[in-house]
Structures are given as structure tokens and as C-alpha cells.
Amino acid sequence: MSNVNQLTIYGVDIQLIRTLLKIIIFISIAGAAISSRLFSVIRFEAIIHEFDPWFNFRATKYLVTHSYYEFLNWFDDRTWYPLGRVTGGTLYPGLMVTSGAIWHILKNYFKLPVDIRNICVLLAPAFSGLTAIFTYFLTKEMKDSSAGLLAAIFMGIAPGYISRSVAGSYDNEAIAITLLMATFYFWIKSMKIGSVFYATITALCYFYMVSAWGGYVFITNLIPLHVFVLLLMGRYNPKLYTAYTTWYALGTLASMQIPFVGFLPIRSNDHMAALGVFGLLQLVAFGDYVKSKVPNKQFKSFLIVSVVFVFGSGIAALFGLTAMGWIAPWTGRFYSLWDTNYAKIHIPIIASVSEHQPTAWPAFFFDTSMLIWLFPAGIYLCFQDLKDEHVFVIIYSVLCSYFAGVMVRLMLTLTPVICVSGAIALSKLFDVYLNIKDAFHGDNISISKVISKLTVLLSFGFYLFYFVLHCTWVTSNAYSSPSVVLASRNPDGSQNLIDDYREAYYWLRMNTPEDAKVMAWWDYGYQIGGMADRTTLVDNNTWNNTHIATVGKAMASPENVSYEILKKHDVDYVLVIFGGLLGYSGDDINKFLWMVRIAEGIWPDEIKERDFFTDRGEYKMDKDASETMKNSLMYKLCYWRFSELFGGRDGVDRVRNQQIPINAVPELNVVEEAFTSENWIVRIYKVKDLDNVGRDLYDATKFENKKSGKRNRIVKRPKIDLRE
Amino acid sequence: MVKDKSIAIKKAAQAQSRATPTTPATTVVQPVSTTFHELQSAINTTFKDYFRNLTPRTKLIDLFLLFLVLLGVLQFIYVLLIGNFPFNAFLGGFISCVGQFVLLVSLRLQINDETKEGQVEGEEDSKIFKFISPERSFGDFIFASLILHFIVIHFIN
Chain S
2 MSNVNQLTIY GVDIQLIRTL LKIIIFISIA GAAISSRLFS VIRFEAIIHE
52 FDPWFNFRAT KYLVTHSYYE FLNWFDDRTW YPLGRVTGGT LYPGLMVTSG
102 AIWHILKNYF KLPVDIRNIC VLLAPAFSGL TAIFTYFLTK EMKDSSAGLL
152 AAIFMGIAPG YISRSVAGSY DNEAIAITLL MATFYFWIKS MKIGSVFYAT
202 ITALCYFYMV SAWGGYVFIT NLIPLHVFVL LLMGRYNPKL YTAYTTWYAL
252 GTLASMQIPF VGFLPIRSND HMAALGVFGL LQLVAFGDYV KSKVPNKQFK
302 SFLIVSVVFV FGSGIAALFG LTAMGWIAPW TGRFYSLWDT NYAKIHIPII
352 ASVSEHQPTA WPAFFFDTSM LIWLFPAGIY LCFQDLKDEH VFVIIYSVLC
402 SYFAGVMVRL MLTLTPVICV SGAIALSKLF DVYLNIKDAF HGDNISISKV
452 ISKLTVLLSF GFYLFYFVLH CTWVTSNAYS SPSVVLASRN PDGSQNLIDD
502 YREAYYWLRM NTPEDAKVMA WWDYGYQIGG MADRTTLVDN NTWNNTHIAT
552 VGKAMASPEN VSYEILKKHD VDYVLVIFGG LLGYSGDDIN KFLWMVRIAE
602 GIWPDEIKER DFFTDRGEYK MDKDASETMK NSLMYKLCYW RFSELFGGRD
652 GVDRVRNQQI PINAVPELNV VEEAFTSENW IVRIYKVKDL DNVGRDLYDA
702 TKFENKKSGK RNRIVKRPKI DLRE
Chain C
238 MVKDKSIAIK KAAQAQSRAT PTTPATTVVQ PVSTTFHELQ SAINTTFKDY
288 FRNLTPRTKL IDLFLLFLVL LGVLQFIYVL LIGNFPFNAF LGGFISCVGQ
338 FVLLVSLRLQ INDETKEGQV EGEEDSKIFK FISPERSFGD FIFASLILHF
388 IVIHFIN
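Chains as they are written, first to last, in the working numbering: chain S, 2 to 725; chain C, 238 to 394.
Next up, chain S with everything else stripped away, as it sits in the complex (with noise of 0.2 Å):
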């Protein structure tokens, strides 16, 4: 290093041209990593994406409105009729309140009133800047900088991430993977120089991500799991105590402050591996103390005793403090990690959200490219040198490895790891190749060096370019679509776009009472509270599973059960989402049989399964379709009218590619239409109140149809196709 520290290029010290030049690669790095992310505003619009966001989106908008300690307390009456939900004890905060204090930032310092919409869409983009940098850091203290700023750049564009991080995906994931590895670096940090000061600031990150997102659980066990497996290596030392226990200490008193976490840290066993870890190194540490002072032989004898002791006791505790029910058992997703058929049999609820399921195989190269090749090389060259942070990464990979593959959604934790060790196997390589010093050196330059050379640098340089134009097709093509817009291509190919969701959502807000409740399934809530802004009975925050049960069999049941459902909850409106004429696969049929599911979980008696596939156990909408089908609410909503689009003929549902028969066209009496957008996405209807001389509904629908004759809306088929 004396050396470089004296060369200049034209009079200017190279240490300086080293920083200038990774500060410019830097906001290169952040500058590609946003734009790439921007594709979904170009495309489209600044719009918030999907289900989830638009829940953060309402609650920040909440924030803004109101003051912090109402936002604490806010109690929402608006979702899950009649029950309510305590929002603000239910959420995790992080989120809305960076983008708050963002916005508070702008207009009071900067005088610059931003919207908060805009400031949440960018949210995502500008925080995936700052874990690209925090990637650099961490790969910095497994390699060198060469691999941090490799691992920066696939940080930056790896489409793993950038799923969750698109411009308008508005999750406690866009900022939580920041926080994650912001964690991971000064966990590193304080454990390679036992610096209490490293430490508090571990924790403080630590309580930053408990505060944003639910999976800060992944780092309260792989901590004391890094901790753990040091001390069975035999690697203790004062610095691994210093920084694990203040981590520890300081950490779990802070996470207690969120509202939604409370007591949990030392309730739930989610979190008891790492209260056991901070017993152990306390008693491993006071074992050193002895073990300096003592012979060794007698050391032994001291070791066997109280290891014997402070094993037994801790199991028991454990098993005795869980069976007194004061420590909570592990919740039902924990158990889904490790028994994927878990979720299926006890919790369909769980089960049923599709990025639950497992991942399929492609999804690893389709999210990560050449770089999923990349990551066993690099964990291999982990284990060349062992030292300590090196097994923090091994073990991170290991663990999110086998979690990825359980769960789509975990993809996004692996994704971090394959960066960094991708980019150390990279540099490694290039380390290597790239030295071309030996080739000056001594008069023969040996032809077949220089070629083996020149070979792997090329292919690699193409593989890395290769890289880049992968993750810019990913995520322009698969993560940029907003999922309330569609886009699709008129026969002359240009672009078309589908609206239906927001003009039904707008017209529900404009033309029904402002407390009317609307009942869809559970998908839909977010986006009815947020665009709507009406009441609905359940949305995605799943916390209660009858009452989504109860919304299930309403959908599931004939007319006459389903009708005493809706009366006791006062629903207005019933919203149901029907792709069948164009071709939408993510509709509410699709779904349906998740709604059976988790209504037969609840009702076994009168909700069953088998009663919705035909015969022949097919799960069928034409001619062929059960009785219990044809007569469930769900079935009669969607293809009410359906088959007069066609002029006679049956009607076709794209979706499942089934004729829907014109001569068997559902019936409805307690219901009656009152919405359908332009290309059929989304029906609304409208429950029918009890009729005014006492008749029987059904009755007084075929007086009504007799009387009137004619249908008093044209139906009327769109122009336009959705091609996939």
C-alpha cells in the first residue's frame, strides 16, 4: 500500500482519483438502480401499485392529515364492518412515517409542497439507491471494495428486488430491505471490532426495521444463530460479546416501543433463540473469564458441570414456561416455513395468498440471472476463508435458500446474499484475470496465457452485459405493471390501456352513500378503502379468519343463504371481479375455490368442497357445472347476462376456455345489478332491500320481470382484447 499511496497521474494522488472515481460510480449505481425502477411511471402513470400499497397509501395519507399520537390511536371504522380494526396498533409504522417525515421535510425546510402520492410512488426507487450503497458496505467487509461495488450494481438491478421496489409499490418491503442490510453491515461491523458503538447503532437500524416490516424476525434469529454457531466453533470472544449483547439489550427494549410488536420479544418463540443465545454468551463469557485463570484440567471438570446444569434447566424452562401458556407457541406462517403442507390443511388463508406458494424452479434464474450460478462459487470461496463474517454470510444463504424455496415472497431476502456473494466470486475471478502484470514480466510472453486470459474476461464481460439487458427485459416486461391498470395492444399494435378497476372503484365513490358497505373478497379491500373510500367487510390485513370465512360462504351459498348473510352485515353493494370476457385470469373464479376453502374451514357442514367440481372432479363453468355451482352467488354474479354478449351463440369465458350456456342463464332475485365497467372486470351489485308488501324476494322479482318485459340496460361488448 506505500507504494500506491506515492503514485500520482498528472500531479493528482491516486487515492484521490479512487474515491472521486467510486463516488461517480456511486450515483451512477443509485442513478441506474432508480431509473430502472421508473419504467412503471413511464409506462403508465405515478400510481400505486396493487393491493398492499394502497392500505399504506390510505394510512399515510392518515398520517399526513392528522397528528402522530391520532395516528397511534387511530381506530378505522371503515374496514372490516362491523368489527373495525385497530389500525394503529396493527401496522408496522416505519413506512408511513418516513414518507411523513419526508414530506414534512419538503415543505417546511424546502418549502417544496410535494404531494405525498408522489412521494410514496418514489419512495421505493430512492430507497433502493441507499441498499445498493449498504450492499457495498457489507461486501466490503467480506472482500474487498472491487466486490462491494459489483455487488452494488446487481443490487441495484437484480429484478429479485427490484419485484418489490418498482416505482408506485408502495410495501414495508421497499424500505425494509434498506434496513436489512443497513443491519447486516453494522451487525458485521461492531462484531469485527467489538465496538459498543457499532452496536447501539446495529440496534438502533434494528428498530428501524422492526418498525417497517414484519420480517425483521429473519434477523432477531440469524443473529443469534451467527453467535451460535461462532461459539460451537469455538470462536468466542470479548468482541462477539460486547456486540451481541448490546445489540441484543438494546434492540429487543427498543423493538417493544411499535405497538403492533409489544411484549412479543419476550413472549413469542419466534423470538426466544435469541434471549437463549444472550444467556449462553453470558455464561460462555464468565467461562473464558475462569477458563484465564485456571488450569486446564480443571477448567474441564467446571465446564461439564455447568454445562449439564444450564442445558437442562434452559430446555425446561422452556417447555415449562410454553406449556403455562406465557410464552406464545410459534405462529402459524413459522410453521408453514418448515412444513410446506402446513398452511394447506390448518390455515387455507395463508395458503391461499400466491406468493405463499413454493417458488418454482425458473423463478431463480428468471429473478437473478447468471448470478444464482454465480452464488455457490462465491459461498465456496466463503468457505476458503473462514473467518468470522464469512460464516455470517454462509449461513444467511443457507437459511434463505431453503425459505426461498418454500415461498415466492422470501425470494426477496435471498436476493441480497446472491448479490454479495455473486459479486465475490466475480471479483475473485477478475482478481485473477485482470492481473496483467505477470505479462510484462520476463521477455517470452507466453501466447496461450494471454488467450486463456482474454478468453474468460471476454465471455465474462459479455455474461455481465448479458446481465444487464436480462434484469432491464424482467423488469420492464414482469415487475412494471401497476396490476390496477392492464395494459394490452390493439390489433395494430399500439398500446391500450384497461381501466376498469379505477372506473369502477370511481364510480362506487360517486354514486352510492358515503357509508354504503360493499362486500368482495378479502384481495379487494385495500383498493375499495383507498379508491373507493367506502366500508368493506374484510381486506388484506387477514387478522380475523371467520370473518372472511363468513364473506366466503356468502359468496359460496345459494341466494337465500347468502341474502340473510349480507342483510346481518348491512351490506349494500357486493363487488365481485369477473376476466371471462377478456381474458383475465386473476378474476374472482379463479379464486373461488379458496373462498369455499376457507368457508368450509369455518362451516364444514354447509360449505363443501367436493359439491363445486363436477362428477368427474373438474372444476367447470359451462353446461357441465354442478348444481351447488350454478347456484352459488358467486357463479350467478359473474355470468349474469353473460351469455347475451354473444348474440345468441353460447358465451365463451376466455379465462377458462369453457362455453357458458345461453339456455341456462343464472337467475338473480336478491340482488340486482348496478355496475359493470367497460370490459367486464368488475360487477357491482346492489342487495335488494326486504320488498315493501311482504313478498318473498324471489317472488317479487318474476312479478317485476313480467311486468317490465325488457331489460332496461343494453349490454354491450367491448372492442378490445387483452393479450398476454
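No lab work stands behind these hints, which were simulated from the structure alone. Even glycine gets a Cβ: it sits at the ideal position worked out from N, Cα and C.
Distance ranges between label pairs, derived from CB positions:
hint: 1; chain 1: C; residue 1: I314; chain 2: S; residue 2: I28; range: 53 to 63 Å
hint: 2; chain 1: C; residue 1: F313; chain 2: S; residue 2: N546; range: 35 to 45 Å
hint: 3; chain 1: C; residue 1: N325; chain 2: S; residue 2: N546; range: 23 to 33 Å
hint: 4; chain 1: S; residue 1: R490; chain 2: C; residue 2: N394; range: 54 to 64 Å
hint: 5; chain 1: S; residue 1: N545; chain 2: C; residue 2: N394; range: 27 to 37 Å
Once you've looked at the hints, dock chain C against the given chain S.
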């Protein structure tokens, strides 16, 4: 460290109680009693060594540690006897004891490391905390303690 002493004594008692029933079997007596003797002598050595190495600074720290342990135990007894009604207040108080204890032990490790290794070796690399000077460790300690107590106050309300 004093807390650890009491743990050790407890362990010794445990070992003793375990040792007595096995005495009838003559083959087992020998290893068990030697184990016990070794344990006792180990504790004795540690004791003596501890008092020999005590400096005023570490003495102060250890007294503080003892105080914290007593305070924690006192709170725990209170909860056992009277009940844990303001649970967050109890937790805040108890964790502030534990947290402060841990921070102090860290400080002690860092300071001790400096003096001990410095005297024996006088080499920079042999130290465990080679990036941390005593001044810095004290600064870190204050920083962490401030944050700890800020959160505790917030928690207790």
C-alpha cells in the same frame, strides 16, 4: 462478575448434591470427588486471582455491577410477590438493569484488555480490541447508555 460468582457457588452446590448419591458405587467415587475438588480449587483460584488483579477502576465497575444485579433481583422479587401490573414499567426497569449490566461488562472487557495486554506484551496486534482505545470505549459506553435510558424512559411512560 459478582453475579457470576454467585452462579458459580450455586453450580458448586448443584455438583455437590449430585455427587453425594453416587458415593456408594466405589468405582464412581474417585472421578466424581476429584471433579468436585478440581471445581472447588478452580473457584478458589479464580477468586484469588480476581482480587489480586483488582484496580480501583475495575473495583468501581464491579460495585456498580453488583448494585445492578441486586436492583434487578429486587424488581424480580417484587413482581413475584406483588404482581406485574404495569408490565411495561417492570420490563423497562428490569431491562435497564440488564442492559446497563451488559454495557458495563463490555466496558470492563475493553478497558481490562487494554491494561492487561499492554503490560504483558506491549504490542498493538496482540490486543483483542485493537481499534478501541479506553477513551473511545468510555465514549461508546456513554452513547449506548444514553440511548438505553432514553428508550427506557419512553417505555416506562
